[in-house]
Amino acid sequence: MRVLPHFHTWSIDGGTLRTYTEQMTRLQVTEKLAILADAAKYDASCASSGTVKRSSSKSGGIGSTEGMGICHAYAPDGRCISLLKILLTNSCIFDCHYCINRKSSNVRRARFTPKEVVDLTLNFYKRNYIEGLFLSSGIIKSSNYTMEQIVEVARSLREDHDFRGYIHLKTIPDADPELLEAAGRHADRLSINVELPTREGLNRLAPEKSEERIEGAMGGLKTSILDGRDAKKKYRSAPNFAPAGQSTQMIVGADAATDSDIVRRANGLYDRFGLRRVYYSAFSPIPDASAVLPLQRPPLMREHRLYQSDWLMRFYGFAPQEVVDAAQADGMLPLDIDPKLAWALKHRGQFPVDVNRAPKEMLWRVPGLGTKAVKAILKARRWRRLRLEDVGRLTVSIAKIRPFLIADGWTPGALTDLEHLRASVAPKVEQLELFT
Amino acid sequence: MITARLSAEDDFDGWRNQCRGLMRLGARPADVIWQVGEQRTDLFASPESNIEAAPIGVPKGFAELARSVICHSDPERFGLLYGLLVDLKARRRHMGDEADPLLRKLEIMAKHVRRDIHKMRAFLRFRRVEEDGGEEHFIAWFEPEHHIVRTNAAFFVRRFAGMKWSILTPQLSIHWDRQKLLEASAALKEDAPTEDDIEEQWKTYYGSIFNPARLKVKAMLKEMPKKYWHNMPETALVTELIQSARNREVAMIEKDIVPSAPDTLPTLHAEANRCRRCPLHGPATQLVFGEGPSSARLMFVGEQPGDQEDRSGRPFVGPAGQIFDAALTQAGLDRTQSYVTNAVKHFKFRPEGKRRIHERPNVGEINHCRWWLKREIELVKPDLIVALGATAARSLTGRALPITVSRGQIFESLEGVPVLVTIHPSYLLRLPDPEATERERVRFVEDLKSAQSHVA
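In the order they appear, the protein sequences are chains A and B.
Take 9 as the starting number for the first sequence in the working numbering and just add one per residue.
Take 417 as the starting number for the second sequence in the working numbering and just add one per residue.
Hints may contain errors.
Pairs of lysine to aspartate or glutamate, DMTMM-like flavour, derived with a Cα cap of 20 Å [what the hints assert, rightly or not]: (1) A:Lys368 / B:Asp513; (2) B:Lys619 / A:Glu39; (3) B:Lys580 / A:Asp170; (4) A:Lys380 / B:Glu523; (5) B:Lys521 / A:Glu397; (6) B:Lys619 / A:Asp127; (7) A:Lys383 / B:Glu480; (8) B:Lys605 / B:Glu559; (9) A:Lys230 / A:Glu186.
Covered, in the sense of this in silico footprint (three residues per stretch, anywhere, with C-beta under 8 Å from a C-beta of chain B), are these stretches of chain A [claimed, not checked]: (10) 65 to 71; (11) 123 to 134; (12) 385 to 394.
None of these hints come from the bench; they were simulated from the model.
Yeah, the Cβ is synthetic: ideal placement off N, Cα and C, and Gly gets one too.
Between the sequences and the hints, there should be enough to build the whole structure, so can you do that?
Here it is as structure tokens:
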């Protein structure tokens, strides 16, 4: 059965049929897109995972979410492009020093109408460029007015177009609770940025924002998310409220906070607000920077190390204090080695770990063993005594792990206690990425 | 020999049926030849096996693994899976034993298939066309690595149920008309539309969301390998974005730290003392700037200051500097008439006890320091630059020049000044054999003489 249609008889969209006005409108939207995507790139999150399963196959609408998000492209900055991440407008009545869109900044301003955002999202989605939309905005007129516009985009996508893809809305802490309620009904994820790791930093760099209001709003979201989940358990037809939870972001390197401060703060946020993720955004030298900011950006590696420490706490059973232990005397995590290795080097007495007998929690602590490898080891050792080469098949590189392990036919001997162990297991740094 | 036939490359049900029959026959994995479709590969293979047999119990996890591995493009996959099945039934291998080499191999094949499935969902791009009646039709061309199109079809139905779409591949084509899924034979790339004017907006987005303050090209390539690029419109921008990011970052830093380029050597020196472009300034004692008259016609560029240079603040005063001075004298050159500097202006080292061990600067550090060297060259305007060693040659020409090959030759610096390449004098300190050292020293002096003759 060959049902290939005759493609050559079709006229390509945008051919002779398009009117001049249509073309001009598209151009204007493209120009705005350049400005409002550029302005959104300081938001680190592009995650589209962790929401409920949805599909359009019954409704005949458009879009689906399947738990795991998809990265539809990667930019040369190494970051995943999963969502159409834009601002509704980059005009703002606030003057936060670290922000490129602050009132006193000399950048070009633009503003989308909600319909333009809706059309862009659908056009991109239908071509399989994106998983959905991440919409944020500068504050114009008032917090409520801005939030209304954001909510209108999400409402129109869901109700007018039966859009079932992913929606992440940046929430404005000062907006009315009813607006946040509406946002949560349409969105998969909501987020409120704590902006800076310390209160002093926030007071100095974002004088119009307040930690109380930000945390108050996060607390409110937490309650709504939990209520929504409870209702859903009782009644299947109950509406969802932000099923992918809430997240937040803080800027690293714009104030004096050390990595230890940041780890403690992040842990507090996870605990108090049930966050899905805390994102870190290394302060980037922004054009037209404010004078109170440091001239230099922190090494990108710092952001990476903080994410690794985040992982240790969320998936590897590390307590926050243990991550802080891995930091140097100045409160910073080492840049040349990862925090797990740093912790292991400081606690050599706990190694080597016997790969055939150690409990899961101890295997997690072995530098170079990931959760997947540990799972495989636990399964495999029910069937055989593992030798070093068996472990080698389950991991990327056995050379780095070896000094920390006992396996059948292998003990590291004095290797674990060697003075220069750090040098021998530390990675050869890709310094180009670190410093350029 | 038994030939087991399958109807298609991803025919899991057929494979399962064949296995049931083969197990009942007690066929050894080595005796089975697997064939897909009508093709015949082994004329000597005899009694044909197409026996229907009762289901056999398999350990947990096996069916799932086999379903994935069947989609792999490796022709050995059917036999490997059957081999595993036989061993599992005989309890020679166990599904949970992840360290088992065969199981591991199949797990990795399954992983490749899952990755291919995922990348198809990620990187496939539809293009919109209008049919004669004005109806929208979205068409994509995709080249999967494994036999995954049928397996993946349901995903696209769930996601794009409300659209009429077609996915064309070199293996087969699938079409969704909002009601049902149809399958057709393989297609050609020419069957798919070549443009869609939303792509301009998508490229605009791709270019704008990219943060030029951070370049991680390797990370990008790891997740988005080049083999997928030719069907993704946005990848046309990548080269340009990387290039402009490098320029933009430099422009931003120059604007921030150095408002206007200093126009004398002393002011340049003073500016350089405040340089924080790379982390080498931290552990070093001080910056070691170039030395010599701004009217010098000959410029020497070394690698970086060493231990003694770092303490004294002057270039080429340590052991290598003494060799350098002696060679200059022998070549009939006057150091005070030349400008002597380094590619990197801070001492890079690692401490070992009380000693500070020299470490080679990396490309990033060389590039950060290049700005200072550029200004030195612009202010001195030498007729010839002598690159002492590979780091200097790299910094001056922007190219990685192996010294053994390029020594004694003339290249051009990024500013257009001729560059003569020779060894770094410290090389003479490292040679173990006195005879070789002497031979190399003579060659070094010859190189210096040749530099002299260029400016004479």
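Of all the hints numbered above, which does this structure not satisfy? Sort the numbers upward. none
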